[in-house]
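Asker: The residues making up each chain are set out below.
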Amino acid sequence: MSDIETRLADLGLTLPEPAAPVASYVPYTIANGMVFVSGQVPFIGGGAVITGTLGLDMEVEAGAKAAEVCALGLLAQVKLACDGDLGRLDRCIKLGGFVACTPDFTDQPKVINGASDLMLSALGDAGRHARAAVGVPALPLGSAVEVDGIFTLKG
Amino acid sequence: MSDIETRLADLGLTLPEPAAPVASYVPYTIANGMVFVSGQVPFIGGGAVITGTLGLDMEVEAGAKAAEVCALGLLAQVKLACDGDLGRLDRCIKLGGFVACTPDFTDQPKVINGASDLMLSALGDAGRHARAAVGVPALPLGSAVEVDGIFTLKG
Amino acid sequence: MSDIETRLADLGLTLPEPAAPVASYVPYTIANGMVFVSGQVPFIGGGAVITGTLGLDMEVEAGAKAAEVCALGLLAQVKLACDGDLGRLDRCIKLGGFVACTPDFTDQPKVINGASDLMLSALGDAGRHARAAVGVPALPLGSAVEVDGIFTLKG
Chain H
77 MSDIETRLAD
87 LGLTLPEPAA
97 PVASYVPYTI
107 ANGMVFVSGQ
117 VPFIGGGAVI
127 TGTLGLDMEV
137 EAGAKAAEVC
147 ALGLLAQVKL
157 ACDGDLGRLD
167 RCIKLGGFVA
177 CTPDFTDQPK
187 VINGASDLML
197 SALGDAGRHA
207 RAAVGVPALP
217 LGSAVEVDGI
227 FTLKG
Chain F
77 MSDIETRLAD
87 LGLTLPEPAA
97 PVASYVPYTI
107 ANGMVFVSGQ
117 VPFIGGGAVI
127 TGTLGLDMEV
137 EAGAKAAEVC
147 ALGLLAQVKL
157 ACDGDLGRLD
167 RCIKLGGFVA
177 CTPDFTDQPK
187 VINGASDLML
197 SALGDAGRHA
207 RAAVGVPALP
217 LGSAVEVDGI
227 FTLKG
Chain A
77 MSDIETRLAD
87 LGLTLPEPAA
97 PVASYVPYTI
107 ANGMVFVSGQ
117 VPFIGGGAVI
127 TGTLGLDMEV
137 EAGAKAAEVC
147 ALGLLAQVKL
157 ACDGDLGRLD
167 RCIKLGGFVA
177 CTPDFTDQPK
187 VINGASDLML
197 SALGDAGRHA
207 RAAVGVPALP
217 LGSAVEVDGI
227 FTLKG
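As you go down the protein sequences, you meet chains H, F and A in turn. Following the working numbering, the numbering of the first sequence begins with 77 at its first residue and continues without gaps. Following the working numbering, the numbering of the second sequence begins with 77 at its first residue and continues without gaps. Following the working numbering, the numbering of the third sequence begins with 77 at its first residue and continues without gaps.
Just to be clear, a hint being listed does not mean it is correct.
What the hints assert, rightly or not - With a cut-off of at most 35 Å between alpha-carbon atoms, the simulated DSBU-like pairs for lysine-lysine come out as follows:
1. H:186 - A:155
2. A:186 - A:230
3. F:155 - H:230
Unchecked claim - Computed footprint of chain A on chain H, listed as stretches where at least three residues anywhere in the stretch have a Cβ under 8 Å from a Cβ of chain A:
4. 86-92
5. 104-116
6. 141-148
7. 170-177
Don't read these hints as lab results, they were simulated from the structure. Backbone N, C-alpha and C define an ideal beta-carbon position, used for all residues, glycine too.
When you get a sec, could you build the whole thing from the sequences and use the hints?
Answerer: Right, dumping it as structure tokens:
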């Protein structure tokens, strides 16, 4: 088990089975030592996702938890990209966070912090990333949050 | 004609004239052998685009067709980036898909599959890409779909 | 002062203090000589941002000005990434522009031109970038515009 997974275990978290894409693409690609991970929605088993719309029927805290689930999904895909050894992960470079919300909701950063904080907890300094967080009217499967990411591999 | 264009011809498809940007930017840039292609909207000639809003006045199938047109637009720009020789294209790394939709529309993946499936048809294994697909309230010129992309060049 | 800042001064513009992230992330990361800058909102001092919704309570020209402010914020972060010497900046590769708007607003390109034109004015040919511009229902802090960017460094 990598240091990263040990840290997650200390937080009571485990990596999920990496989700199969819900459509005609692949979970990640690698170019120039950079791993581009597809947008992850907050799968909670059995093909179900955390649904909701911030500003309508979901509180910020619940949205942040959904974002954390997306971040765990990203790391599960990165582990695949590392052939199962997260020790090969160099760092998290960029997260793109999309929050399903109403037009009057302005706390997208607090929601996506659920993903960003998870990266910091799991990766330490290597988890410090650039980020964009925006609102959207709707996401695949009714997901409350979607997060994609760019990571680098060692060597 | 490159293998890629032969495959497209077999599908009854041809690359469009690469669209001029509708604003103050360029169609693509190249860095570290990676081609960053600007967001393509579904131009259908004469400056017109496929307009529509999924969940309101456009069905999934029509949206997917619009996404395919965006994907052809991406390849037309990549051909320019290859100085006209698509044989220099290495692979499609990432697509970003934006679907104009209502807040209750959740089939963004099926719409953007129109672009993803085109990449697979045209490029084969080299067309397998990471992806994010999200809903948005509105797109340039009233477009139903916008797709941007990252590709790599050989050598 | 770099040539870039001289050009900005000729336009009556100055780089702002680089904004601290409004959440758990960092302003930029560097990988393979590429600088990934976090999404910048139009800060106007004292933690306030230019708020508004295009198509509802803000005109295109005001939106373009907000986008210009975002672009200045991007350059301020890039200057940090260059250890204070913008002479080390190679070029602007890609901008991602998000415009808070109503579902019937379709002039996202004209709004984000505020950022693109600033890059051209400040960087000359090195400012020519790929771009995506989309509408969103809402942005952090009620911002009218958010822009993120990828840049390359010399050497």
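Asker: Confirm or reject each hint.
Answerer: A quick look at each hint next to the structure:
no. : hint          : in the structure
1   : H:186 - A:155 : holds (27 Å)
2   : A:186 - A:230 : holds (30 Å)
3   : F:155 - H:230 : holds (32 Å)
4   : 86-92         : violated (count 0)
5   : 104-116       : holds (count 3)
6   : 141-148       : violated (count 0)
7   : 170-177       : holds (count 3)
Hints 4 and 6 from the earlier list are contradicted by this structure; the remaining hints agree with it.
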